[in-house]
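Generate the whole structure from the sequences, applying the supplied hints.
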Amino acid sequence: MSTNGLTYPSDVYSVLGELSAAASKLPQALRQLAEFIDGQVTGGRAQ
Numbered sequence: 001m002s003t004n005g006l007t008y009p010s011d012v013y014s015v016l017g018e019l020s021a022a023a024s025k026l027p028q029a030l031r032q033l034a035e036f037i038d039g040q041v042t043g044g045r046a047q
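In the numbering used here, the protein residues as written are 1 to 47.
These aren't lab readings, by the way, just hints derived from the structure by calculation.
Yeah, the Cβ is synthetic: ideal placement off N, Cα and C, and Gly gets one too.
Possibly wrong hints are sitting among the right ones.
[To be verified] Between beta-carbon pairs, the in silico distance windows are:
| id | residue 1 | residue 2 | range |
| --- | --- | --- | --- |
| 1 | Gly44 | Thr7 | 50 to 60 Å |
| 2 | Gly5 | Lys25 | 20 to 30 Å |
| 3 | Thr7 | Gly43 | 42 to 52 Å |
| 4 | Gly5 | Gln28 | 27 to 37 Å |
| 5 | Arg45 | Thr7 | 43 to 53 Å |
| 6 | Gly43 | Tyr8 | 48 to 58 Å |
Rendered as structure tokens:
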């Protein structure tokens, strides 16, 4: 990619593939964060 944006149509394909992969991992990441925060609150280490 250039500093001015996308250079080739295939760049769009690559970016969308990476975004799709990241989005598919969000539910697990958010669940793990929620479990961590719940543990901190339950343990009295956070409010």
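Quick rundown of the hints versus the structure:
At roughly 53 Å, the beta-carbon separation of Gly44 and Thr7 lies within the given 50 to 60 Å, and the hint holds. For Gly5 and Lys25, the Cβ-Cβ distance of about 26 Å falls inside the hinted range of 20 to 30 Å, so the restraint holds. At about 50 Å, the beta-carbon gap between Thr7 and Gly43 stays in the expected band of 42 to 52 Å. Gly5 and Gln28 have their C-beta atoms about 31 Å apart, which keeps the hinted 27 to 37 Å range intact.
The hint said 43 to 53 Å for the Cβ distance between Arg45 and Thr7, and at roughly 48 Å that hint holds. Judged by the Cβ atoms, the range 48 to 58 Å given for Gly43 and Tyr8 holds: they are separated by roughly 51 Å.
The structure fails none of the hints (numbered hints given earlier).
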